[in-house]
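Peer 1: With these hints in hand, go ahead and build the complete structure from the sequences.
Sequence lines, in order, name chains Z and Y.
Numbering of the first sequence is given in the numbering used here, commencing with residue 1 and proceeding in unit increments.
Numbering of the second sequence is given in the numbering used here, commencing with residue 1 and proceeding in unit increments.
Simulated from the structure, these hints should not be mistaken for laboratory data.
Careful, some of the hints might be misleading.
The list treats identical chains as one, so a pair stands whether inside a single copy or across any two.
Listed next, the in silico PhoX-like pairs over lysine-lysine satisfying Cα-Cα at most 25 Å (straight line) [claimed, not checked]:
id	residue 1	residue 2
1	Lys155	Lys336
2	Lys16	Lys269
3	Lys2	Lys336
4	Lys244	Lys16
5	Lys36	Lys2
6	Lys2	Lys52
7	Lys16	Lys252
8	Lys255	Lys52
9	Lys2	Lys269
Protein chains: 2
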Amino acid sequence: MKTVRIALIGYGNVGKAFAEMLRRKEEYIRNTYHAKAVITAICTATRGGVIKPEGIDTQTLTDEMFDKGLDAFAVIESGEYDIMIELTPINIMTGQPATDHVRRALQLGKHVITANKGPVAWRYRELRDLAQEQGVGFCHEATVMDGTPVYNLTKETLKGCRITEVSGIFNATTNFILTEMEQGVSFEDAVEEGRRQGFVEADASMDIDGWDAAAKLTALMNVLMDVEITPLEIDRTGIGEITKADIDAARKQGKRIKLLCRGRVEDGKPVGVVRPTLVDEHTLPAIMDATSSYVTIDTDLMGATTVIEEPFEPEIDHTAYGVLSDVLRILSDFYK
Amino acid sequence: MKTVRIALIGYGNVGKAFAEMLRRKEEYIRNTYHAKAVITAICTATRGGVIKPEGIDTQTLTDEMFDKGLDAFAVIESGEYDIMIELTPINIMTGQPATDHVRRALQLGKHVITANKGPVAWRYRELRDLAQEQGVGFCHEATVMDGTPVYNLTKETLKGCRITEVSGIFNATTNFILTEMEQGVSFEDAVEEGRRQGFVEADASMDIDGWDAAAKLTALMNVLMDVEITPLEIDRTGIGEITKADIDAARKQGKRIKLLCRGRVEDGKPVGVVRPTLVDEHTLPAIMDATSSYVTIDTDLMGATTVIEEPFEPEIDHTAYGVLSDVLRILSDFYK
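Peer 2: Take a look at the structure:
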């Protein structure tokens, strides 16, 4: 029986849901991988960190157990873990500090999982190559469509295919707002409702202005098409200018407005577009209501494969599952 | 550099498309797996078989090179291969002779790939256990939705999830007929058009009566939900009784008629249903036109993940890719 030690850098809702899921699947992990996965380090934004090489029981974790002096880098440098999981809030415009967290853990020879898309949108190639040099895993399934398989799907089930295009609806918040507006709700009220339901951030501008979608498109293009592009280079239009009148006019033509993303390589250059687009009502993007999203992957050998994430309740669990599936991938690839 | 020898049991359009795809990806296979995959045995229904341990160049293969005396079992018994690929026509009511082909090759310690769903619908558990005992691979990705990942998706990207339900539109022929009928084409003309386009069999009854969909549902349930069920136990209704009037009446209510499949375990028993069903026009099954199909996989941890196969031209290549992806899986699992 091997023991695999996990450090959680960031411990909000996703971290807590992950810890619970890990407990729930303890027996499965033991039976399948002959391994025990234990959380040995946790770092929070405001309460400091806790390191317990023998394992932290997250069910009995109290504030008093945290050491205010332990910040993310101190926990990462401690080395008291085999897998570092990056769960800090994203800064889409810089990818930091998540990118530095990931880089440092990889340099220390640790496996890394990130649910934060910053490192994949900003420094994917460098980090991928570093992980390869170090002989460790670098996984990021939860960065697009939560736990719905996109990266693993391409890597594990579309083997041998060259990816020629990625497209879809990647941002749930804007899709929710557009769906609400079609029901007659105002833009502002839709944002407020999204906040009430917990999936719209206090500052919704990263979603509304298309930055979140652009970062996801960038991440997908970097990983699946082996290019180097950043969110700044995406041809990006958000939904801030869409009015009720636009939506009604679309409806009258039997169409809907959706924030579509598309990335491909043209004349050797990566080209990514995020843009509100008129779509026919009986098409896949049109029927994606509320917090649904999808990714279509076009290939040379297999035409197009599409994967859909259905509306979720709660989203947190899907993201936590994305992280768990990466843990299982690392167990499968490195501990069997 | 390892050499992996392949026997093709059945050599129709899919076998030929697979041989061509294998050539096309020769360099990829060499670079990724440090292996060379060569076809060393081919068996046809009417011309006999050919065995060449040094490899068959399928581009220069002529009728004279076939030995009339070599039938499928003679080729299988020869043992001049590492992977046997079962590509014979299916008998949905018995799963034979494909099941016997698969069993014998597994008994001989060979890896097996089947594009024929018979063995998976009729004897999955026995064959899976036999493969495990023998320490070989048994793959069947092409048996549902051609090369679109379903089995590999579940096994490789939904690790740790328990599958609670499988559902979707699994049969392209009936979906095509229903779509044509909505355009005003008669049932008979739709069948004829499908034949002309090459994806409807001379005897279309296996599709129309829901047997093909039932066999696919059975295969999915056996593999993904670890049950033992056969196509005979599926609660099955075909589309033979659907009239133009039914379709028009549905349309008037803003609905469409689709041949839906659903399988789950109820009170410990596998329950599978294939049935023409009224669906709302702005839902996923409703927008599946022509030869599109989809599978939705419900899980305990991740909610529902849906994968779509878009209309294909030609279908043959997608099926061939399903077989190729299984070859790559075997290379990855057993030859790395």
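Peer 1: Quick check: which numbered hints come out false for this structure?
Peer 2: Hints 2, 4, 7, 8, 9 are the ones this structure does not satisfy, whereas the remaining hints hold.
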